[in-house]
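Residue numbers (my numbering), protein chains in the order written: chain A, 1021 to 1162; chain B, 1021 to 1162; chain C, 1021 to 1162; chain D, 1021 to 1162.
Worth flagging that the hints you see were computed from the coordinates, not collected in a lab. A quick note: this is a predicted structure, and the numbers were derived from the prediction, not measured. One or more hints might be untrue.
For identical chains, the list gives no copy identity; a pair is met inside one copy or between any two copies.
[What the hints assert, rightly or not] Distance condition first, Cα-Cα at most 27 Å in a straight line; then the derived DSSO-like pairs of lysine-lysine:
{"no.": "1", "residue 1": "1123", "residue 2": "1107"}
{"no.": "2", "residue 1": "1107", "residue 2": "1149"}
{"no.": "3", "residue 1": "1149", "residue 2": "1123"}
{"no.": "4", "residue 1": "1149", "residue 2": "1104"}
{"no.": "5", "residue 1": "1104", "residue 2": "1123"}
Protein chains: 4
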Amino acid sequence: MEMNNIQAFFNRADAFASHNGMTITEVREGFARAEMDLQPYHMNGAGTVHGGALFTLADFAFAAASNSRGQLALSINSSISIFKGAKEGKLIAEAREISNSPKLGSFEASIRNEAGQLLASFQGMVYRKSVALESLLNESDR
Amino acid sequence: MEMNNIQAFFNRADAFASHNGMTITEVREGFARAEMDLQPYHMNGAGTVHGGALFTLADFAFAAASNSRGQLALSINSSISIFKGAKEGKLIAEAREISNSPKLGSFEASIRNEAGQLLASFQGMVYRKSVALESLLNESDR
Amino acid sequence: MEMNNIQAFFNRADAFASHNGMTITEVREGFARAEMDLQPYHMNGAGTVHGGALFTLADFAFAAASNSRGQLALSINSSISIFKGAKEGKLIAEAREISNSPKLGSFEASIRNEAGQLLASFQGMVYRKSVALESLLNESDR
Amino acid sequence: MEMNNIQAFFNRADAFASHNGMTITEVREGFARAEMDLQPYHMNGAGTVHGGALFTLADFAFAAASNSRGQLALSINSSISIFKGAKEGKLIAEAREISNSPKLGSFEASIRNEAGQLLASFQGMVYRKSVALESLLNESDR
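Bound conformation, chain A alone:
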């Protein structure tokens, strides 16, 4: 399964990310980038980007990165620390693998604005299922 196909799969099949204006813009082995242009619906009650929107953007990059080897990986644990708000512009999450074993994988992700300022830091761990991602890909093609 090629990287282009994995990227296309996530952009087509991840309904929650699509509903919230998020796109995977790059996938390599153990790496992925997700982006969103901030909209009024991304804000919280204090008028800045919602922690759930930041988390979801990082989680989306994490999902693409952790599935980049073609084996289905599911998030079991993740955490986010939030340093700075944002009201407009593009936010970019980049997820990188820091450890890989047959059943578990560990990733970290940064979320930055277009000026390169760090808004949040994310860590995530996946459990790898004995299922090829391709089986989902074909399913969603039908």
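Once you have looked at the hints, place chains B, C and D on chain A.
Below, chains B, C and D without anything else, positioned relative to chain A:
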């Protein structure tokens, strides 16, 4: 500021939660409950509820609970462990304060389905600003 | 393998816990309690109990609780939030299972002083190996 | 307060780190390194380095790094993911600041063996008190 007003504020002013079909259904001092009826747009690429949707529901309850004393509280760190998926029905997140100091507060939240099964466990910490939540309330009334 | 044996195994075989004055005082299925009497060597540079000592006490209870079913379980991820210091007296950590599957288990633990005040809250996840704890028990009997 | 003094302070005043054979070998602004030579007392019941020993080493580096600006900083939240065990040799934890504000600081730390293999990844957040670290330094000089 009364609990009814805090509940109404979050349901009116939290745009990301509204955009994703989430509602605060109860606020008490140090406690809040948020609910969502699962829709197709809550799903991930594997066809089960997105980790970002689970996180956002818990984070929404956490925000209402941590602001329930009327002082503005902002999330600085949170984590989620996911145990079980869901494809339909109502999900309920309940957040409870476990520690409170003048500047910091710590909360835990559970996410359950209608059968009461635990889908995910969430922990969050807030930093309390020297600002009354009421100042935001009035602003969003304008 | 009986609970008494599991408790005895951890108190005999966990060298780091012994070196730091920690004892398992109860093990039940999915639960364990660990205790330590604070000593000068448990303190940090600020003169209060070290975060590493709090973490280790909770982690020790977590290890006993997560191995209480007799299958070897190894910690893959854990977190601690610290609310309050302590300089003397007994500290008690209680770990409880909140989710269990064939390969993964999730636990939370509290750390309290003798007055019942919450000093810290801990969460941990284990990966279950296809190895009986008994194989370690026998090994350390030799 | 000079970096040499901060390093000396932590090596003299952190009783729990000393009791467990840990030393700060470098402090720079927003960075510190801690080391330990594995001993039998660092092991857990499964015969590999204890999660509490890994955590404490990273926490010690984190404490020195977060206090490197000379203002007292206390850990409020931290997490560790463990990827690999170790039975002997030297372990090295390096903590780096990733975000800094007047009241809060966020750090990440790696723990590696002498071959450079990543054993664990650590994240931590501190709350900065309005107290100079020097006040502790002088106190412990008496």
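Outcome of the hint check:
In the homo-oligomer, the alpha carbons of residue 1123 and residue 1107 lie at most 27 Å apart only across protomers (23 Å), although the nearest pairing inside one protomer, at 39 Å, exceeds that limit. Taking the closest pair of Cα atoms, residue 1107 and residue 1149 come within 27 Å of each other only across two copies (19 Å); inside a single copy the shortest separation is 38 Å, beyond that limit. Within a single copy, residue 1149 and residue 1123 get their C-alpha atoms as close as 7 Å, and across copies as close as 11 Å, so both meet the 27 Å cut-off. Proximity of residue 1149 to residue 1104 under the C-alpha cut-off of 27 Å is restricted to the inter-copy arrangement: shortest distance 14 Å between copies versus 35 Å within a copy.
Proximity of residue 1104 to residue 1123 under the C-alpha cut-off of 27 Å is restricted to the inter-copy arrangement: shortest distance 13 Å between copies versus 34 Å within a copy.
Consistency note: the structure conflicts with none of the earlier hints.
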